[in-house]
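The whole structure should be built from the sequences, with the hints applied where relevant.
Number of protein chains: 2
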Amino acid sequence: MATTLKGQPLDRPTLDTLCRRRLFYTPSFEIYGGISGFFDYGPPGCALQANIIDIWRKHFVLEEDMLEVDCTILTPHDVLKTSGHVDKFADWMCKDPKTGEIFRADHLVEEVIEARLKGDKEARLGEKKGAEGGVQETAKDVEENTSKEEKKRKKKVKNIMAVKLPDELVKEYESVLAKIDNYDGDELGDLIKKYDIRNPATGGELNPPLAFNLMFQTSIGPTGGVAGYLRPETAQGQFLNFSKLYEYNNLRMPFASASIGKSFRNEISPRQGLLRVREFLMAEIEHFVDPEDKAHPRFSEVFNVKLSFLPKGVQQSGSTEVIEKTIGEAVKEGMVDNETLGYFLARIQLFLLRIGIDKNKIRFRQHMNNEMAHYASDCWDAELFNSYGWIECVGCADRSAYDLSVHSKVTGQELIVRETLAEPVKKDEWEVDIEKKIFGPKFKKDAKIVEEALLALNQAQREAAAKTLQTEGVLGVSLPDGRSVEVDVTTVNITLRSKIINVREFTPNVIEPSFGIGRILYTLIEHSFWFRPEDVNRGVLSFPPSVAPTKVLLVPLSSNAQFTPIVNALSAKIRKVGISNKIDASSASIGKRYSRNDELGTPFGITVDFQTVKDGSVTLRERDGTRQVRGSQEEVVEVLRKLVEGEIGWEGTGLKEFVGQAVDDE
Amino acid sequence: MATTLKGQPLDRPTLDTLCRRRLFYTPSFEIYGGISGFFDYGPPGCALQANIIDIWRKHFVLEEDMLEVDCTILTPHDVLKTSGHVDKFADWMCKDPKTGEIFRADHLVEEVIEARLKGDKEARLGEKKGAEGGVQETAKDVEENTSKEEKKRKKKVKNIMAVKLPDELVKEYESVLAKIDNYDGDELGDLIKKYDIRNPATGGELNPPLAFNLMFQTSIGPTGGVAGYLRPETAQGQFLNFSKLYEYNNLRMPFASASIGKSFRNEISPRQGLLRVREFLMAEIEHFVDPEDKAHPRFSEVFNVKLSFLPKGVQQSGSTEVIEKTIGEAVKEGMVDNETLGYFLARIQLFLLRIGIDKNKIRFRQHMNNEMAHYASDCWDAELFNSYGWIECVGCADRSAYDLSVHSKVTGQELIVRETLAEPVKKDEWEVDIEKKIFGPKFKKDAKIVEEALLALNQAQREAAAKTLQTEGVLGVSLPDGRSVEVDVTTVNITLRSKIINVREFTPNVIEPSFGIGRILYTLIEHSFWFRPEDVNRGVLSFPPSVAPTKVLLVPLSSNAQFTPIVNALSAKIRKVGISNKIDASSASIGKRYSRNDELGTPFGITVDFQTVKDGSVTLRERDGTRQVRGSQEEVVEVLRKLVEGEIGWEGTGLKEFVGQAVDDE
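From first to last, the protein sequence lines stand for chains A and B.
The working numbering numbers the first residue of the first sequence as 1 and each following residue consecutively.
The working numbering numbers the first residue of the second sequence as 1 and each following residue consecutively.
Since the hints were derived computationally from the structure, they do not count as laboratory data.
Not one of these hints is a red herring.
Lysine-lysine pairs mimicking DSSO-like chemistry, simulated, CA-CA at most 27 Å apart: (1) Lys614(A) - Lys573(A); (2) Lys642(A) - Lys58(B); (3) Lys614(A) - Lys592(A); (4) Lys58(B) - Lys262(A).
Structure, rendered in structure tokens:
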């Protein structure tokens, strides 16, 4: 169950209402009825996002001298065809042929099975009111979406009854849920048939799952001839610029590029608020590394960082029990593939902690083999726990040489690193020599593919083929189209030759940490939220000062005109030391203004009262414990600077504690 | 003619080559052949952009407590239908029916006429080599685009011959060029016919201009039922959130929202590098103000700021002579419509100067009446002069109540301000009373439109109608569909009544300063560029420290291992005071490394040499004059901080001048 910062049960609708009231975020185009999957950030959300990005940039880009680039969102078809997105960036959808409704297949299976398991649990508890309980839970569900589909979904969930299931089936269902991210379309279709999963609203049967490409398509230029997409990730722009970046980096390896920008997914039916949106901010790193040396020079700095791992073996067994160990051990014993990947996993956790994510709500889940792209050698998601469950917020994959290789192959441009060897190396290699004058006329129009098939043989195959040619005089060659032909010694020779190698050429491998900023931001809001026990309606967002949208609120005691110049001058003074502040000179009571402030997550408040007019002193208040100290404006500004920069904590202010409320002594 | 920072003739291809070599920007998807109108920013361009944005945010958002929002790029059809973009956001294109080529009509007319005028000038100068001169100019043209259209364009320009034109025609041509932005499709069609403008490559006749909508269209969701566009500006998201922002601002007026983000225009045939791209970063402010009081509380602060104005009257007369005066005078005499608009014009200039734009290359051009949207009450562009001519980089329009009114009308949502009046006001108003019981049966299905027509009468019309009803007993009412009906006193009464008004309701007007960041960035690069007289090949980008991508380069004298720990520690020290720095430990000579640095626009350099190993002192160098001083690392870091923050100039370092080169004394 999701809890607040203080371990209280977290009621999502309450928090959601707070966030919308304070304009952290709001559904886009709401006066037009809205479209699910789109949110705008208001002033505090926008500032929170900017601060998270600022820390991200310092933590990764500046700390490691990464090469930040800003590439276009619009991407032509050919690039995304090569990357595989045109063919494979899809979810499975099922259509109800009668109503025309469309369901995302895996989500539907998940929801229906979860509901059935819930019904089973209630039946087992012997609770008569099980069904009504389900309804209550549904009614409490956050009102995030008023679309037709959403209403139908709610109706559907209401239909679930408390029915006890056979023990065997419960086990099956649990195993399906543990592997729900790993089924392809056929498998989802089989599950839907096997478990008789139907349109929950109507009971109608569904068509088999079809792939739906998640990219938004458009057309570039006036002729309509150039198809383009909104990028689904920022990575491709970085890959396409590899050679330029490598040169910019003075041909030094390894190095990383980084990019922060919007990406897009045309989700089938987005729910889950900020967690599943059609337009989102990503921050991605592409760390280019020698495939034969994935050690990381700074790995020792993170060796002892402890992470919670959920490796693939554990998941395969149907369990979700995490294993705690240091990243050093995890790499040593091979659970995490290599040092560079491990280095980033640790750095990801350090970043998450730095912005205020709850350490106990982070786990690193390894992709299972069938979930991982075929070329990836290892992949881990940093999952954060919030009221929606464990949610992937950062991915970190070793993508091998895949991306650079495919783009290079299609474009004919080299995307490689040339490394001059310290000492030349002698190397024996089997080489294929073709007697073109005889070979060409013999194979005619097939000559090219036969030659390609021969050149595609690796060293071991060439050695075997040389032997065959030597002993038999002829060699059978299989062609890609299934035919096979024979070559003989008059046309082909395979010979072992010694070569001196001075330069080593290789396609770098890529380690890719990829951050969903919106998901992290939303989870941070949940992890920072709590309410004062004396007043459950008074929500507080305890952001660390570094990410808080506003660092300090200036509160004149009343609307008395004497306060105005003092407050304005103080605001300018605080801004001068680089600290964002806001003045709240509204007529609301001090308490109400501070409460508004709690909801905005502003860590400090300064009150200007009649004592200030007399002696210049002001009160400084901290949000979490509502404790106050008093000092001169100069003292308070300096203390504030130290607090915001993390040099001191509240205990270190050195100022006199101030008890009681400032009083308007007019 | 465009000039460098030092008044040298600016050769654009040289600068462009520098920018690409140093990866300020690079054509997107270049390994796939590229698509015109798309550029990626490499590390220095990305940092330059971030610094410009950072200053923009401080100069506008923080300084005036604006409400920054981050709204979605994808925008549904209905929103942009209301805003007018679906119907009117278009350029005129002409198709050559034989070749299928598409030309942007106004650009074609402009180019052909400019070429003819050039031919005329050459003929008049009696220069025999006129035609070849044209070719040379073309060959020098920046190689920004290798598309087919571009090649054809070049071919076309070559065809222009030195032909003397009648004096009268030259005048006509000049007048057409002065008004080229103001022609609609029919007028462009007339010009094309009148001046016999054809496909310059083939001489083929063109079809009449057709409107081409410049928005990229896509489809949202799996059903294909929801049409959407990539936003052409960030403004609409701000308008749609008006009521939420007004409430967030505690119902105080005036206030401004602001937004920084990508926008898109599907340009017909983009050339001109970063100036005309299909995807670009905008920064926009929507300042909401009382239509009856457009005074600005801080106008006095900018009253004496001098601007160069090009008002519409001057343009209409065919001249481009600017008028210099203070914004205070310009508003006083009514040249600029109101104080708020004037305040922003001055603030825009102050911003441009702050980032390093050349004061002599800024002018404010007023929109002419036929160029301005019908609802706008005044509009000025800040135009910057660069090698492409005078280019609109910031627009600043008073958009009246247009946007809020149209969205309110379509959605039925109120987008208004309610102001409690200090004293209630008595107001006499003519009210229309309808006797529904008789009215309804009488007009049947027309009842509603007749009623609407009556209620649409303004106060003066109502007074007249009341008189007619009183004297004639009947009143003719014109319906929107052209019919007219009669009402009489049994169904309608129009009466003057006194009302007490406590609350004033109004739709705010909007003043909209809108910045094209890419255009400003490119122009800033041109304005910062120069070359050392002793070496024309050694380009320098003299960015002010605040916008420079990197503030200081750390240069160890050689690759001697003794320097490494010193340089690394110094880098960390400098980073700690918040100053971005890079280490260049490559094996290139000091001179070569500093020259690379000049091209990247890094204002300062620190050399670590053998003297440093002995006594810790380092050399600090400034880019523009290559002067050097020497001091302890502590002294130099402190001086550096003051230089970067603008507290001191180079004369104020107080450190000992250092003459001659650091020498490796090993």
